[in-house]
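Each chain, letter by letter, is given below.
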Amino acid sequence: MIWHIVKKQLLVFWRNPQQLLLILGLPIILIAILGASLGGLMEGEPISIDAKVAFIEHGDEQTQVDMFLDEIKNNKLPQEAVNAISSSAKEMMPISILKKDILGSDDLKNIIDLEIVKPSKKDDVLKNKEYAAVIEVPENFTYKTLKSIYLENGSKGELQVYKNEGNQLGSNIVTGILQQYQEQLSLTTFAGKQGIASEALQVDPDAIIGETVAINQKKPVSAKNYYAVGMAVMNVLFIASTIGSIAFLEKRTHVFNRVLLADVSRWIYFIGIFISGTIIGFLHLSLVFGVAWLVFGVTWPNLFGCLVVTLGLAIAVGGLSVLLTAICFRLNSEMITNFFGSIVVTLCAFLGGSFFPIGDLSKAIQVAGNFTPNGAAMTAYLSIMRGDNISAVMDQIAFLFIFAAVLITVAAISFPKRGQII
Amino acid sequence: MLELVNLSKKFKHLYAVKNLNMFIEKGEIVGLLGPNGAGKSTAITMLSSLVEPTTGDVRFKNKSILKSPGPIRRVIGMVPQEIALYNDLSAEENLQFFGRIYRLKGNDLKQKIDEILELIGLADRRKDIVKKFSGGMKRRLNIGVALLHNPELIIMDEPTVGIDPQSRNYILETVKRLNEEKQMTVIYTSHYMEEVEFLCDRIYIMDQGNLIASGTKEEIKRILSAEKTIIVKADRLNNTFIDSLKQNPTINRVTVENKTVTIIVPKEINIFQTVLKLAEEAKLELNSVDIKTPTLEDVFLHLTGRALRD
Ligand SMILES: Nc1ncnc2c1ncn2[C@@H]1O[C@H](COP(=O)(O)OP(=O)(O)OP(=O)(O)O)[C@@H](O)[C@H]1O
Ligand SMILES: [Mg+2]
Numbered sequence: 007m008i009w010h011i012v013k014k015q016l017l018v019f020w021r022n023p024q025q026l027l028l029i030l031g032l033p034i035i036l037i038a039i040l041g042a043s044l045g046g047l048m049e050g051e052p053i054s055i056d057a058k059v060a061f062i063e064h065g066d067e068q069t070q071v072d073m074f075l076d077e078i079k080n081n082k083l084p085q086e087a088v089n090a091i092s093s094s095a096k097e098m099m100p101i102s103i104l105k106k107d108i109l110g111s112d113d114l115k116n117i118i119d120l121e122i123v124k125p126s127k128k129d130d131v132l133k134n135k136e137y138a139a140v141i142e143v144p145e146n147f148t149y150k151t152l153k154s155i156y157l158e159n160g161s162k163g164e165l166q167v168y169k170n171e172g173n174q175l176g177s178n179i180v181t182g183i184l185q186q187y188q189e190q191l192s193l194t195t196f197a198g199k200q201g202i203a204s205e206a207l208q209v210d211p212d213a214i215i216g217e218t219v220a221i222n223q224k225k226p227v228s229a230k231n232y233y234a235v236g237m238a239v240m241n242v243l244f245i246a247s248t249i250g251s252i253a254f255l256e257k258r259t260h261v262f263n264r265v266l267l268a269d270v271s272r273w274i275y276f277i278g279i280f281i282s283g284t285i286i287g288f289l290h291l292s293l294v295f296g297v298a299w300l301v302f303g304v305t306w307p308n309l310f311g312c313l314v315v316t317l318g319l320a321i322a323v324g325g326l327s328v329l330l331t332a333i334c335f336r337l338n339s340e341m342i343t344n345f346f347g348s349i350v351v352t353l354c355a356f357l358g359g360s361f362f363p364i365g366d367l368s369k370a371i372q373v374a375g376n377f378t379p380n381g382a383a384m385t386a387y388l389s390i391m392r393g394d395n396i397s398a399v400m401d402q403i404a405f406l407f408i409f410a411a412v413l414i415t416v417a418a419i420s421f422p423k424r425g426q427i428i
Numbered sequence: 005m006l007e008l009v010n011l012s013k014k015f016k017h018l019y020a021v022k023n024l025n026m027f028i029e030k031g032e033i034v035g036l037l038g039p040n041g042a043g044k045s046t047a048i049t050m051l052s053s054l055v056e057p058t059t060g061d062v063r064f065k066n067k068s069i070l071k072s073p074g075p076i077r078r079v080i081g082m083v084p085q086e087i088a089l090y091n092d093l094s095a096e097e098n099l100q101f102f103g104r105i106y107r108l109k110g111n112d113l114k115q116k117i118d119e120i121l122e123l124i125g126l127a128d129r130r131k132d133i134v135k136k137f138s139g140g141m142k143r144r145l146n147i148g149v150a151l152l153h154n155p156e157l158i159i160m161d162e163p164t165v166g167i168d169p170q171s172r173n174y175i176l177e178t179v180k181r182l183n184e185e186k187q188m189t190v191i192y193t194s195h196y197m198e199e200v201e202f203l204c205d206r207i208y209i210m211d212q213g214n215l216i217a218s219g220t221k222e223e224i225k226r227i228l229s230a231e232k233t234i235i236v237k238a239d240r241l242n243n244t245f246i247d248s249l250k251q252n253p254t255i256n257r258v259t260v261e262n263k264t265v266t267i268i269v270p271k272e273i274n275i276f277q278t279v280l281k282l283a284e285e286a287k288l289e290l291n292s293v294d295i296k297t298p299t300l301e302d303v304f305l306h307l308t309g310r311a312l313r314d
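Residue numbers (the numbering used here), protein chains in the order written: chain A, 7 to 428; chain B, 5 to 314.
One or more of the hints may lead you astray.
[What the hints assert, rightly or not] Distance ranges between label pairs, derived from CB positions:
{"no.": "1", "chain 1": "B", "residue 1": "178", "chain 2": "A", "residue 2": "27", "range": "38 to 48 Å"}
{"no.": "2", "chain 1": "B", "residue 1": "127", "chain 2": "A", "residue 2": "404", "range": "46 to 56 Å"}
{"no.": "3", "chain 1": "B", "residue 1": "131", "chain 2": "A", "residue 2": "367", "range": "47 to 57 Å"}
{"no.": "4", "chain 1": "A", "residue 1": "338", "chain 2": "B", "residue 2": "173", "range": "36 to 46 Å"}
{"no.": "5", "chain 1": "A", "residue 1": "338", "chain 2": "B", "residue 2": "136", "range": "26 to 36 Å"}
{"no.": "6", "chain 1": "A", "residue 1": "404", "chain 2": "B", "residue 2": "27", "range": "51 to 61 Å"}
{"no.": "7", "chain 1": "B", "residue 1": "15", "chain 2": "A", "residue 2": "353", "range": "55 to 65 Å"}
{"no.": "8", "chain 1": "A", "residue 1": "422", "chain 2": "B", "residue 2": "131", "range": "45 to 55 Å"}
{"no.": "9", "chain 1": "B", "residue 1": "136", "chain 2": "A", "residue 2": "418", "range": "33 to 43 Å"}
{"no.": "10", "chain 1": "B", "residue 1": "14", "chain 2": "A", "residue 2": "337", "range": "13 to 23 Å"}
What the hints contain is simulated information worked out from the structure, not anything from laboratory work. Note that the Cβ used here is the ideal one computed from N, Cα and C, for glycine as well.
Input sequences plus hints: build the corresponding full structure.
Take a look at the structure:
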């Protein structure tokens, strides 16, 4: 039964050539126009991130290591333990590792421009907008850290990071690196406490560098790719308003009454609308991406990932369709679909970054954008385009599913009860 | 078979239907008559279980349909007043879709579609999109869709509006045939008296939400048996004549429409001479004076003081 309703919905959709042309043709034209006109801004160039990072260190690390070694000699530890610690601790300078082996490594050199700054210059550096981030090593960081690792005494030091909100990408990269670094340090502490391995600091610079480079030097996204995604995720939202209009037309022309009189539950119809929205949304996205591939050469490094995101977005469109339908039926007016099709879609497209990467402007907009179905899908698509795999976009996919579930629930609640549909 | 008990529907402050009592027996053709806004369509949507009444009950085969509308839904065929079709689908696709939701399939459905297309005279237009049909063709398909599942009870809400006389006769004949051959019960709504007179065994007359008369055709016409109707025609009607008619104490009612004056008088009064005399006094040349046997139209006029179609 549901299938007959879905099939008929597809057929009605198919018989509306103007609608069809608008929904399919528009994104393709827009991809061509935007991709070509804004090509210079994004085309081809690998993203060249050049994050200037200031590094402020209070106190001398070697002095702190010596201080620590002195202290264990005066401790009541067994001689072998003292020997083991002192022989390994000589190579343990967490700050030097961070400074030289990680941030200063050859691989990160073209991403991060590290500058050692005297503590006295801290205020100047913080005021200077050129720096993407400022890392500050507090007094006795190394001493505290070693003590906490080997002697289980006190807490380990904390690095201070000042982010420049104006340079999201750069500061995000630095925080990402430091987070991993701190995590690895904690792991060492933990391992030491468990007595599993107390011989070496468990920081692995290569792992951190590898990941940072992998994330930030992925396949760059060209303007055409960017707008293929941006226009597809925007235009697919129009499917929801179209489905809502078609459904409302069924009510207005009393065809819906015929369906009810055939003793078909209104929930069957409801599910039919959801499935139609999902299927048409999925077909729409596939077609737009298909054409983008054939005409503009927009390809996907991970087709499966693209497919999963498409499915998530299609389900969100299904949810939107059924919600709009329910509201139309409830208010006995088509107004809401028009409002959605004009204002809501534009706003969502704007926030979601369909027109330009608006998220780079401010964190707040980025967050808001990711709470729109198109924005979440766009983030996921772009991430997959850069070569990430599905696990990196799980948050967005989960969001799309939850979004759909919430909408379906609201729609079910607002759908008119039996005998109330006039 | 079907019984409406004190059925009322209130929209905001307006009673579209007020305390309506009706019954329909199996195999009957029942007419529901009334002018625009009488509440006919509202009554029909309630008895078909689409809309819940404000108060009252609808009983189908002795069970209320308010809580379980399933049994009546499965056996009624509804021809709504509006064309309820998919404009973008062809005649055949419409029939296919509605047939499927009535759970017909395969060969049965195919045969049924052929049969109905034949019946409504659209067999050669089956592949055409409904949008391109004429109004009358849409009407016929609108009826056809309601017949797909061999309904026991068919409800027709002004099914012949906007149809040429030929197709209209054909539809009326078809309804009568379905009733005679398949014992289909029919509820037929109209403001065309001729249709209801031709088709129906029993008639309900509604006005402004109220039932104002009911019974067999004969019973209803008997309401007028104490009176008779005289139709006077004149090209140049004047007010002197009409006023003098209105002032005449033996005349019950006078209505004027174009060049026609309708006069209702008690049966025993011989008004013929009076009319001629009044016309002469008013210097009016009469075209004709007829004494009419009462029609349902007259009944309505009698009951409400208004013509059915105005
Ligand atoms: N959904 C509604 N909301 C408010 N008022 C309504 C609604 N449906 C009908 N009415 C009112 O109820 C009254 C009866 O309408 P209804 O459609 O039942 O008349 P009808 O006898 O079918 O007239 P017609 O011959 O014109 O079809 C009218 O006054 C109409 O305005
Ligand atoms: Mg009506």
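Checklist entry - What are the numbers of the hints that this structure violates, sorted from low to high? => result Hint check: 7, 8 fail, others pass.
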